[in-house]
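Colleague: Residue numbers (my numbering), protein chains in the order written: chain A, 112 to 576; chain B, 49 to 362; chain C, -13 to 313.
Just so you know, the hints here were simulated from the structure itself, not pulled from any lab data. There may be inaccurate statements among the hints.
In silico SDA-like links for lysine to any residue, alpha-carbon gap of 25 Å or less [unchecked claim]:
(1) A:K198 to B:V198
(2) C:K(-11) to A:Q478
(3) C:K201 to A:G539
(4) C:K1 to B:R340
(5) C:K308 to A:D215
(6) C:K308 to A:I194
(7) B:K230 to A:Q552
(8) C:K5 to B:G316
(9) B:K234 to A:A567
(10) A:K511 to B:K258
(11) C:K55 to A:G539
(12) B:K258 to A:I194
(13) C:K(-11) to B:K230
(14) C:K1 to A:A570
(15) B:K264 to A:P483
(16) C:K54 to B:V198
(17) C:K201 to A:K455
(18) B:K175 to A:M554
(19) B:K256 to A:W217
(20) B:K230 to A:I194
(21) C:K5 to A:P483
(22) A:K338 to A:T229
(23) C:K261 to A:L244
(24) A:K455 to C:T260
Take a look, some chain A residues computed to stay more than 12 Å from chain C by CB distance [unchecked claim]:
(25) H327
(26) G513
(27) P537
Short, incomplete list of chain A residues facing chain C, as computed with Cβ under 10 Å [what the hints assert, rightly or not]:
(28) N320
(29) V439
(30) G500
(31) L533
A virtual CB, placed ideally from N, CA and C, is assigned to each residue, including glycine.
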Amino acid sequence: MARRTFSIGGVHPADSKISRDCKLEYLPIPPTVYIALSQHIGAPAKPVVAVGDKVKAGQVIAEPGAFMSAYIHSSVSGTVKSIGPRKDLSGNNQMVVEITVEGDEWMEDIDRSDTLVTNIPEDPKAIIEKIKLGGVVGLGGATFPTHVKLSPPPGKKCEMLIINGCECEPYLTSDFRTLLEKGEQVVVGTAIIKKALGVDKATIAIEDNKPEAIEHISKVVESLKGKGPEYSGIEVLSLMKKYPEGGEKQLIDAVMHRQVKSGGLPIDVGAVVDNVCTALAVYEAVQKNKPLIDNSVTVTGECFPKQANLIVRVGTPLNYVIDYLGGVPESAAKVISGGPMMGKSIANLDAATMKGTGGLLFLTREQTKRMPESSCIRCGKCADACPMGLEPFLLNRLAKAGDTDALEANAVQDCIMCGCCLYSCPAGIPLLDVISQARGQVMGIMRARAAAAKAAAEAAKAKTE
Amino acid sequence: MTTTIIWTIAIISGLGLLLALTLYLVAQRFKVVEDPRIELVEKAMPGANCGGCGFAGCHAFADSAVKAANLDNHYCPVGGNETMKKVAEILGYEVKEKAPMVAVVRCNGTCEARPRTSEYDGSISCKVKASLYAGDTGCAFGCLGCGDCVAACKFGALSMDPATGLPVVDEEKCTACGACAKACPKAIIELRKKGPRGMREYVSCVNKDKGPSVKKACANACIGCGICQKTCTHGAITLENNVAYIDFEKCKLCRECEAMCPTGAIHGVNFPKPLDKDAIKARVQERQKKAREASAAAAEAAKVAEVKKEESNG
Amino acid sequence: MDKILVSPNPHLHSKTTTKVLMRDVVIALLPAVVVSVVFYGWKELFVLAVSVLSCMAIEYLITRYCLKKASTLGDWSAAVTGILLALNLPSSTPWWVVMIGALVAIGVAKMTFGGLGQNVFNPALVGRVFLLISFPTYMTHWEIPQGLFGVDAISGATPLGVIKEGLMQGSTVPELMASHGYSYSQMLFANIGGSAGEACAIAILLGFIYLLVRKVIKPWITLSILGTVAAVSCVFWLANPAQFTDPLFNLLSGGLLLGACFMATDYVTSPMSTKGGIIFGVGIGFITLMIRYFGSYPEGVSFAILIMNSTVPLLNNWFHQKKYGRA
């Protein structure tokens, strides 16, 4: 049988999942946490605590600042020491709440036991409200507030929920470990999201480099079938290992054979995609009242002495995580937050983890240093690799010429920043660097144009009225 | 033989005439009637097409200027007052003269003053670098050193100084078109009044962090101590977000702030004499001492008066 | 860890660099090189050496002293051009003619356009065609393979040349084939006469398969050239077998295989998209046959590829990759 995957482009970097056998482990609580107020896409949250306040783990410390925003909870118990700017992992200032840890006292309504709760609340609205109160955001990388995603705009109907267990980034294994060790919770979480969306079908998509996870989740799905109507219609799908399978648009293509139109949302083709860790967070928020205050982080790299999959409280300083495992090795040159393809290079190891931090990857200079740029030989490998079917060599040339019209016509705005073009370029041309700038510029122009068109339409409407 | 020649000549001539006629008709059909003044104005322009005026190029400027009712929104920074006088003459408008401006780099975080804390390994572009992170030094506000401003300058007025890693403005060539200021993602480059004989004072730093962390990042940074503000007797210096700013409209070029600045973040350029720091410092300190004494005396006097008043009342 | 390295994503890069790709092409050419040396003897080795060395020397001198840039020899592209040029020449070509060819290939066809990646026409073919037009005596003076240790070289014409000549004198194709004793197995394994790269079809196919396995090239251009040649010649042959050569003869003779596998698939001078590549290949196949059947030259692959090279910018403009979510 042909292995299923997305239809356009993609690359095959070495798997390198060297931490795949490391069990999930709880990291000790650090002496101080720094919880950022902007850990999600959208408006930053507004703090509701003051300096000197005593807080418990799971207590709300910031409220959504807008519709597109999320609650933020204290991940520890202790005293709020300060609220102010602190340098994040890129070295830029970001507003954080600094909490000095005292003991580990949790909010009373949080169920910290291990018992699996399979009874799902009846009312979808109540589920979404609980997800919102739990501060759940997408943990696949984009940190999109989950309650917003689960409330599709009127007139749009979800046909299939896709739970993304691809973990197509090399090195990262936290999703894999979560599937293996918390598979039951993930499946219940899936059933909850299914219920919230009112959708009959759900697919848990896992790449075939994780056969153990596929087998385990299939068993769990089978064993939970009798627990209620929400548990039927969940399917486990094995997909061929190819990067960027876990990209939302690619995954929809692979699972449903549908493609989201340029500028559209997955819901336009009847799909909602959530990460496995998001499903787990949904389970914890809805069934256990436990907000999103910790997440699993893979700490790995060939040069890193101790591989680990840690469950880390949000706001733990990166240095604390690294020191717990023996410190930064001498041979490491680069530290990446996330995977090696789309992760962000860390400039400041004093920064703290956030909800979306999925991995800490150490690479040596040999592994990661860019080669000197040479001339384009027009081999077309970038175009073959692009999962959006774009032509990076062309976009690069147009961007250098500043031709925004041609860039738009050649769909630079469709770029998903997966890095396949730069990965595959034999001449070491920094395609993505240039294209991402051009993409930002073109999207700005498109937004301005849309706003102008909207204003003009409104003005015309006002005139006729 | 003769007929062949005649026929050839006839056909070729006929073809020539036909094509000429076609060309003429097409030219007539697609003729664009343009205000002749647009061409005149355009000819008076420098022709750099730099966009410094806010229009797409010199032609767009001319087109807009001819259609406008006055020249309030039209000023060519490159050609300056002279060009604008010519334009005003052609169009019969009044022109507001503007003081000549020049691009000023407000960062003096040289390689020694601002130690590198990381190694950047991406495209040599400030935009790319700025969207990635704060920069390869401890300062999140300073110059990134990739030279986007140099690339943006159409007049060759900017160059990177390899010794400092900072851009240098060639005042002779700078036309104050503002392209560099737009290109700088950190908004370091500012257009400032050129000043009499090019003399001007400015704060060469835009770091908004608090003093201690700024000091750690860069030895030459403005730490927001406010000494300059207290020193200035012309009210030209404001302190906002931990960084001082000199209003060039109010600055009288007395150089007192420059002498008093503890980090050397305030720069004075094109002054005929080097800054005599100690003399100015002594002068300012003397003045401040006197002022303190005077205010103390005034306070004392007020107190005495108060007491007397009470006494007389009592 | 001294200073932390910071860069935009991705943080990993494929190990397939320009150098690796070019080296793969050289490796893929090795069977053809070895076979040609075995068939044509030391002279062929000499031509190869002169061609490769002068291509590299010219590229070095131009980058170093005219463009004042770092040497680009490390990318192996000059070596590839050198080998391809040598394989396109008869083994009897004098050394100075080879050097002129190299000068035109690298100096005119490649570096004047801006070096690797910028040239419109395949450098080795430009060199070859320049020599073919300028020095027709040397270029059509083929030697009959005498082997590595052969003593006397016997000169003769290529099968395509023999047939063109014969047809002009009124003979028919089957007569000529029979009288010269051309057989397909001979053409598959060891050609009778021609430029060095035409010696052995199997060697070229081996190299082609290597390139496919290493994913250096995609098969579409080659397949569409060969398919077009087969189909079009089939039509002509069926219509008049006395006047037109048969498809198999056309596929195996001349430089068609070398051109289709190595020259037409050159990255720089072939279209980017699959669709464009197929049209490019159809064009090459068709023009080749037209020259062979109706032209004054016995062989047309070089001209066909160069003509289609000039359409590449247009093909790139017309045909694009299939985009996600855009019907």
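Colleague: If a hint holds in the structure, say so; if it doesn't, say that too.
Modeller: Hint check:
1. A:K198 to B:V198: violated, 29 Å
2. C:K(-11) to A:Q478: holds, 16 Å
3. C:K201 to A:G539: At roughly 18 Å apart (the allowed maximum being 25 Å), G539 (chain A) and K201 (chain C) satisfy the hint.
4. C:K1 to B:R340: This hinted pair is violated, its Cα atoms lying about 72 Å apart.
5. C:K308 to A:D215: Answer violated: K308 (chain C) to D215 (chain A) is near 55 Å, above 25 Å.
6. C:K308 to A:I194: Measuring from Cα to Cα gives roughly 50 Å; hence the hint is violated.
7. B:K230 to A:Q552: holds, 14 Å
8. C:K5 to B:G316: Since the Cα atoms of K5 (chain C) and G316 (chain B) sit roughly 53 Å apart, the hinted pair is violated (cutoff 25 Å).
9. B:K234 to A:A567: Status violated; Cα separation ~34 Å.
10. A:K511 to B:K258: violated, 38 Å
11. C:K55 to A:G539: At roughly 18 Å apart (the allowed maximum being 25 Å), G539 (chain A) and K55 (chain C) satisfy the hint.
12. B:K258 to A:I194: Holds: K258 (chain B) and I194 (chain A) sit about 15 Å apart, inside 25 Å.
13. C:K(-11) to B:K230: violated, 31 Å
14. C:K1 to A:A570: violated, 57 Å
15. B:K264 to A:P483: Cα-Cα ~33 Å, so violated.
16. C:K54 to B:V198: holds, 23 Å
17. C:K201 to A:K455: violated, 30 Å
18. B:K175 to A:M554: holds, 16 Å
19. B:K256 to A:W217: The given pair, whose Cα atoms are some 38 Å apart, is violated under the 25 Å limit.
20. B:K230 to A:I194: violated, 33 Å
21. C:K5 to A:P483: Answer holds: K5 (chain C) to P483 (chain A) is near 12 Å, not above 25 Å.
22. A:K338 to A:T229: Answer holds: K338 (chain A) to T229 (chain A) is near 7 Å, not above 25 Å.
23. C:K261 to A:L244: violated, 53 Å
24. A:K455 to C:T260: Violated, at roughly 34 Å.
25. H327: holds, 29 Å
26. G513: holds, 19 Å
27. P537: The claim is violated: P537 (chain A) sits with its nearest Cβ about 5 Å from chain C, within 12 Å.
28. N320: Constraint on N320 (chain A) not satisfied, violated at 16 Å.
29. V439: holds, 5 Å
30. G500: Constraint on G500 (chain A) satisfied, holds at 4 Å.
31. L533: L533 (chain A) check passes; min Cβ-Cβ to chain C is 6 Å, inside 10 Å.
Of the numbered hints listed earlier, those contradicted by the structure are 1, 4, 5, 6, 8, 9, 10, 13, 14, 15, 17, 19, 20, 23, 24, 27, 28.
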